[in-house]
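S.K.: Use the sequences and the hints to build the structure in full.
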Amino acid sequence: MAGTELGFGPGAEIAARSPLELFWRRLRDDRVALAGAAFIVLLVLAAVLAPLLVKLVGTTGPNVQNPSELDSFGTPTGPSGAHPFGVDQLGRDLFARVLYGARVSLEVAIIATALSVAIGVVTGMIAGYFRGLVDTGLSRLVDVLLAFPILLLGIGLASACSLGNGCAGGLIKPGLSVVIFVIAFVNWTYIYRIIRGQVLSLREKEFVDAARSLGASDRRILFREILPNLVAPIIVYSTLVIPQNVLFEAALSFLGVGVQPPNASWGAMLADATQIFDSAWWYMVFPGTALLLTVLAFNLLGDGLHDALNPRAGKWSPRGK
Amino acid sequence: MTKKALTVLLALAFGALALLVASCGSSSSQSAQKGGTLKVLDTAGGVDSLDPGYWYYQTDYQELGDTTQRWLYGWKPRETKPTPDLAEALPEVSNGDRTYTVKIKPGIKYSPPLQNRTVKAADVKYALERCFLPQVGNGYANVYYGDIEGVKAYQDGKAKDISGIETPDDTTLVINTTKPVGVLATGGALGMPCSIPVPKDYAQKYDEGKQSTYGEHQVFTGPYMIENDGKGKITGYKTGRKLTLVRNPSWDAKTDFKPANFDRIEIKGGNDATVAARQTLTGRDLLSGDYAAPPTPVLKQALSSRKDQIEVESSGGNRYISLNTTVKPLDNVNVRRAISAVIDRTALRQTRGGPTLGTPATHFLPIGIAGFEDAGGEKGPGFDFSSKPTANVPLAMDYMKKAGYKSGKYDGPPILTIADNESPAKETAQAFQSQVAKIGLKLQYREVPHATMLSKFCQVPKSNTAICPNLGWGADFFSAQSFIDPLFSGKNIVQSGNVNSAEVNDPALNRKIDKAKQITDPKAAAKAWGDLDKQITNQAYFIPWLWDNNVGLRSKNAVGVSSLFNSGSWDYAFSGLK
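Chains as they are written, first to last, in our numbering: chain A, -7 to 313; chain B, 8 to 585.
Please keep in mind that the hints were generated in silico from the structure rather than gathered at the bench. Quick caveat, the model's predicted, so the values are computed rather than measured. For each residue, glycine too, the CB sits at the ideal point set by N, CA and C. A portion of the hints provided could be inaccurate.
If you want the footprint, here are the derived chain A segments under chain B, 3+ residues with CB under 8 Å [what the hints assert, rightly or not]: (1) 24 to 38; (2) 249 to 262; (3) 267 to 273.
M.R.: Right, here's the structure in full:
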C-alpha cells in the first residue's frame, strides 16, 4: 500500500503514508507495548512447543505423578535441578504444568474471544444499522445480561453443564467447552455496545448515503462499507478482552467449575496451592506469576494498539469504565 | 433390616466416615487434676443435633454423648467391650437367645428441672421407641433394634408402644426379639445413644410435630449439661458457633465410671483448620475438636517439634474405592482384581498425609474390629491382588488378560467416575485416576461437592456411576456387622441413599450375612464375619486401601485420653488439665 500516485516521482522526499504505515510507526515507538507483544509471542511459542520444552529441560510430563518427589507426609518438594519449578502435592512437575496451563489459557482466551467478538460484532451491527425494534430488543437483552452477576452466572452455567453429558444436547460438554461457552456468552455484550455505537454514527456518513443512493443492499452496506471501518475497534477490543478472558478462565477453574482434572490450568493450580501455601510457596508463585505476566502483557499491547490506531481518541476500556 | 433403616444407616455411616479421624497411640494419662476449663476449637459444623436420639457421628459422641449423658452401656476409652453404665450388668440372655433382660441402677437423677426424678426402666423404653420416630431422625434404630417384637406395628402407627420392650418394674427392662440378635446379646447395640433415658411424661410434648425439639429442652444424666436456665431451656448452644458445658448438679460421681475432671467445657465453632490446629498446639487448656486430623503442614511441624502433643489412634474405620458390579467392564471380577492390583495404596495414603494417617488395607474389616484377625490381620487373606501396599502392574495386566483384554489393557469407552472436590479427597482421586491409566482405564472423571457425590451419584443406582474413589466407613461398637451387612447385602440396595454402591446382590452371600447376624457367641460371630470379609475381598467389589487413623492434638498443659469406641478421638470426660 505504500507509495503514491500524486506525481512526485521516484526519489521524492515527501511521501504520503498509508494508515498501516502510520500505525506501525506509532506502535514502534511504544516500547512498553512492544515488550508486551514480545512476551506474548514467547508465550505462544512456549505453549505450542510445550512437549518439546519439557523434554529439553528434562522433567516429567504435566500429568506424570512422581510420589518419590513428595516427603513422607505427602507434601511437595521445591525447585530443584530435576524440577525447576518444584512439584505439586501429587508429585507432578510444575514447570510442565505451568507450560501446559498456558496452552489451556491461550486456547480458552482466543477461542472465547473470537466467539464473543463474532457475536458482538454481528449483533451490534444489526442493532446499530437497523435501529428501531431490533435495536430496542437486542439492547434490552444486553442490559439484562450486563445486570447479571457474571461470575455467579458462570458458576451456575458451568456447574449445570458439568454433570453427565453437558447441556444443549451435548454441545456444551463439561470441561473446556463449558468455560468457553460461558465466557463467550457473557462477554459479547461489551463489544456489542461499542460496535452498535460506532455503527449508529457511521450509518449517517456520506459514503453510506452514497452507497445507498447507488442502490446497494443493506447487506452490502453493512459488510462492504461499514465493517472495514470497524476493524480498528475490533482489533483493539479483542486484545483488551483476551486478558479478561484469561482471568475469567482462571477464576472458573479456581472455583472448580472450569478445566477438569488432570488437565493443568493456572486457576486450578492456584486454588490447590492456597491450601498448602505456607509449606509450598512455589506452587502458588509460578502459576501466579505466569498469570500476572500474561494478563499484563495483553493489556499493555492492547493499550499500545489503541493509541496507535486511534491517536486522537481518549483512553477507553472495554468495560466502559 | 428395612429399606428405610438402611438408608438411615447409610447416611449415618457416611457421617461417621466424614468425621473419621482418630488415631493410634496410647493414652497419655499423666496426672490429670480435677478442675479447670477445657477449650475446644471446632472447624467443621460441630455437633449435628442436640437430640440424643439423633446422635450418631463422632463429634456428637465426643462433645455431647460422652459428656452430658449416661447410656445403658458406656465405653471406657481403652476398651472394646461395653461397660455397664446405667445398667447393673451385661444383658441376661434367655428364651433361646430371644429375650434380653437388663437391670438398671436405682437412684440416678436427671438434671434440673427434673432434679427430683430418678431414671426408670420406662424412660429407656421410651428412648428406644422414640428412635423410631421420623421426627427424631435416628440413623440406626432399624438396623439394630428392627428385630424387636412389635416394632413394625409401632412404626405403622398400629400400636402406641413397642410391645417387645417390657418394664415389669422401675429397674428392669426386658427386650423380646423375633429371632436371635447378636448385637443385643453382647450389649453393643445397647451401648448406643438410643439407650439414653428420656422421661416420656416430660419429653412427649417436644416429640410432637415435624421435628422433635426435645434436644433443646433435654434433661441430662451425665457429669455435664449444656448451660441452661434451670427451667429446661438450653442457653449454651448456638449452631456451629458455640457449645458450653457446665457441671450437672444431679450427677453423682460415685455411681459413674467417668472421672469428669473439667469444671467447664467451652467449644467454639467456625475456626479455620490450620489456625485451630496451631492454636491447640501452642495454646493452653485446649484439646482438638471436630476434625480427624490437622492439615498436613501442621501435622508435619508438630511431629518434628511437638511429638508428645499428638495422639495417633486407629479409628476403626476404612477408606475404599467402590466398583459398581452392574456397569461394564466392572461386572467382570478379573477387571476389578486388576484395578486392585494396580492401585498404589501407599501413594494414595500420601495424598492424605502419609504413614501417620493409617495402614494400607489388605482387606475390608479395619483394625480393631472383631473379625479383623479372622480375615488375616494386617497381612490379609493372601490374595495376590490385594496383599501389596504398592502397585503390581504386570499382575494387573495378567488379570486384564484373564478378563479378555488381550493386550492387558482396557480399550472400551471411558468409565464414569465421581470424586469429591475437596482436599485431600480430590488428590486421592486424581492419584487413583493416574494409577489406573496403567491398565488403560480411561475415566469420565468428575469432581463434585461431597454431598452431591453421595446424594446424586454414589448412592443412587440409577446414576450408573461406575467408580467412587472417595468412600469410607466407620464402625459402630466394634461390630463387623455394621461394616458388612449394609454394604454388601443385596437386600440393602435402595434407590436413594444406597450404601451398597457396588450393587452386590449374590443370594448365597445374602444368606450367609443373615446367618452371621444371628450368631450370639462373639467368637463364632467374629469368625463368620472374618470369613465373609475374605469372600468379599476376593470378589473385589470394593477396594479398601486404608485403615484410618485419628490424629488428636492437645495443648502442653492438657492431658488427653482417646476413645477407641469413638474412632480414636478425645474422650473429654476422661481427659483433664495438668
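S.K.: If a hint holds in the structure, say so; if it doesn't, say that too.
M.R.: To see whether the hints hold, each was checked on the structure:
1. 24 to 38: Per the Cβ count (0), the hint is violated.
2. 249 to 262: Satisfied; 3 residues make the cut.
3. 267 to 273: holds (count 4)
Going through the hint list in order, the structure does not satisfy hint 1, though it satisfies all others.
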